[in-house]
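Relying on the hints, combine the two individually framed chains into one complex.
Sequence lines, in order, name chains D and P. Take the first sequence: its position 89, counting from 1, is numbered 88 in numbering that gives the first Met the number 0, and each next residue is one higher. Take the second sequence: its position 8, counting from 1, is numbered 7 in numbering that gives the first Met the number 0, and each next residue is one higher.
It is possible that part of the hints are untrue.
Stated by the list, open to error - Footprint (simulated), chain D over chain P, 3 or more residues, beta carbon under 8 angstroms:
# : stretch
1 : 30-38
2 : 43-57
3 : 60-67
Note that these hints are calculated values from the structure, not bench results. Each residue gets a CB set at the ideal place from its N, CA and C atoms; glycine is no exception.
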Amino acid sequence: MYNPYMVGKQIYLRHPTEEDVQGRWHEWFSDEEITKFLYEKFWPNTIEAQLEFYKSFIDSRDRLGLSIVAKSNDKHIGVTSLMDINWVHRFATIGMVIGEREYRKGPVAAEAFGLMLRVAFLRLNLLNVKNGYCSSNINSEALNRLFKFKRVGQYENWCSIDGQFENLIIEVLDRESWLKRNMQND
Amino acid sequence: MKNKIEERIKNVMSAVFEIAVDKFDEDSSPDNIESWGSLNHMKLIVSLEEEFNVQFTDDDITELINMKLIIAVLLEKLPVYRS
Numbered sequence: 000m001y002n003p004y005m006v007g008k009q010i011y012l013r014h015p016t017e018e019d020v021q022g023r024w025h026e027w028f029s030d031e032e033i034t035k036f037l038y039e040k041f042w043p044n045t046i047e048a049q050l051e052f053y054k055s056f057i058d059s060r061d062r063l064g065l066s067i068v069a070k071s072n073d074k075h076i077g078v079t080s081l082m083d084i085n086w087v088h089r090f091a092t093i094g095m096v097i098g099e100r101e102y103r104k105g106p107v108a109a110e111a112f113g114l115m116l117r118v119a120f121l122r123l124n125l126l127n128v129k130n131g132y133c134s135s136n137i138n139s140e141a142l143n144r145l146f147k148f149k150r151v152g153q154y155e156n157w158c159s160i161d162g163q164f165e166n167l168i169i170e171v172l173d174r175e176s177w178l179k180r181n182m183q184n185d
Numbered sequence: 000m001k002n003k004i005e006e007r008i009k010n011v012m013s014a015v016f017e018i019a020v021d022k023f024d025e026d027s028s029p030d031n032i033e034s035w036g037s038l039n040h041m042k043l044i045v046s047l048e049e050e051f052n053v054q055f056t057d058d059d060i061t062e063l064i065n066m067k068l069i070i071a072v073l074l075e076k077l078p079v080y081r082s
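So here's chain P without its partners, still in its complex pose (with noise of 0.2 angstroms):
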C-alpha cells in the first residue's frame, strides 16, 4: 500500500519539479532538491490534493517538508490506508 502511495508522489514530485521520477527519496526535500522553491512547494501541495483527492489544512501544507513527511500525513488522510 505506502510502495504505491509513494510511487503515486513521486510521479507528482516528479512533474512539478521537471526532474526524473527515480531522483526522489524518503529525505527529498527543499534543502535538496533546487527548484523545490515557494512557487513549486504550493503547486507540489495542489497537485498532490487532487492525485489524492483530500484537502490539507494550513498546518499541512507547512508541514509537508520532505517526502517522509508527505507520506505520513497522505496515510493519515486516506480512509482506505487509515487504521
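Just chain D, with the same shape it has in the complex (with noise of 0.2 angstroms):
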C-alpha cells in the first residue's frame, strides 16, 4: 500500500496522483454508463482535462477527493470525494466512482462508501453528509438504503436522464445514527 489514509479489508483510499491522472482515471469520465447520472462531465475527457481537475482540487480545502484502491494489487479502480464540506455547519455531499469494471461485484463499491462516511464522521468530525440522486439511479438508492440514509426532499425534473427529466433526490445520514449503528458492539 502506498500513502494509505483509511483503510478496509479488499480497498484502501489514499491521496491521489499525478500517476493516477496518467492511469485509466480520465476514461472513467469519458464513459456513458459511468457518467449517464453525473451532474457533469458532457463532454469527452482527456488526460489533460483530468490534470487540471487534480490540480484544483488537491489543494482545495473544501473538496476531500482520494483515490480507491485494490490492496491486493495497488490498482487504482475508481474516486471518492467529499464535497462541498462546509466547515462551520459540518455537513459535505458524498460522492463515488468505481471506475473499473472488473471491481463492481461483490462488496467493493460499498467498502469504499462505508470508508468514505468513516473518514467524514471520525476524521474529519462532520455531523451530516448528503447525498442526491437522480430518481432512475438504482445503485444510488441501494447504496442509500444500505447505509440507512433519510430522504429529506427532492426536486421536482432535475435530471435529464435519457432525454427524460427526473426527480433528484435527496437524502442525508446524520454522524450520530451512522455511530449508533457502528458502535453496537462496544
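Structural data, given as C-alpha cells:
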C-alpha cells in the first residue's frame, strides 16, 4: 500500500497522485455508463482536463477527493469525494465512482462508500453527509438504503436522463445514527 | 438451528440473485455467483437485515462475502443462537 489514508479489507483510500491522472482515471469520465447520472462531464474527458481537475482540487479546502485502490495489486480502481464541505455547519456531499468494471462486484463499492463515511464522521468530524441521486439511479438508491440515509426532500424534474426529466432525491445520514449503528458491539 | 438459518439465508439469496435455492452452498460467493455484483450485494445485505431483523455495521457489510461468513455473522447477531 502506498500512503494509505483509510484502510479496509479489500481496498484502501489514499490521496490521488499524478500517476493516477496518467492512468485510466480520465477514461472513466468519458464512459457513457459511468457519466449517465453525473451532473457534469457532458464532454469527452481528456488526460489534460483530468490533470487540470486534479490540480484544482488537491489544494481545495472544501473538497476532499481520494483514490480508491485495490489492496491486492495496488490498482487505482475509482475515486470518492466529500464535496462542498462546510466547516462551520459541518456537512458535506458524498460522491463515488468505481471506474474499473471488474471491481463492480461483491462488497467493493459498499466498502469504499463505508470508508468515506468513516472519513467524514471520524476524521473530519462532520455532522451530516448528503447524497443526491436521480430517481432512476438504482445503484445510488441501494447504497443509501444500505447505509440508512434518510430522505429529506427532492427537486422535481431536475435531471435529464435518456431524454426524460427525473426528480433529484436528496438524502442525509447524520453522525449520531452512523455511530449508533457502527458502535453497536462496543 | 444452524440449518434453519441456512435455509432462510438461501431463500433470501435465491430471491436477490434470481437463482434456484439448491444452487447455493457455504462456498457461494461473488467469485462463483455471476449475479453477485455491487448492486445485488447491497440488496442482499438489506434483505438479510429485514429477514432476520438485525442491523449490520459497515464492517459486517464488507465481511459478508460468502454464505459461510453470512451464517457466522448472523449467528453472532441473533441473541437466540448466541451462547
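- request: Kindly indicate which numbered hints from before are broken by the structure, ordering the numbers from low to high.
  value: Per hint list: zero violations.
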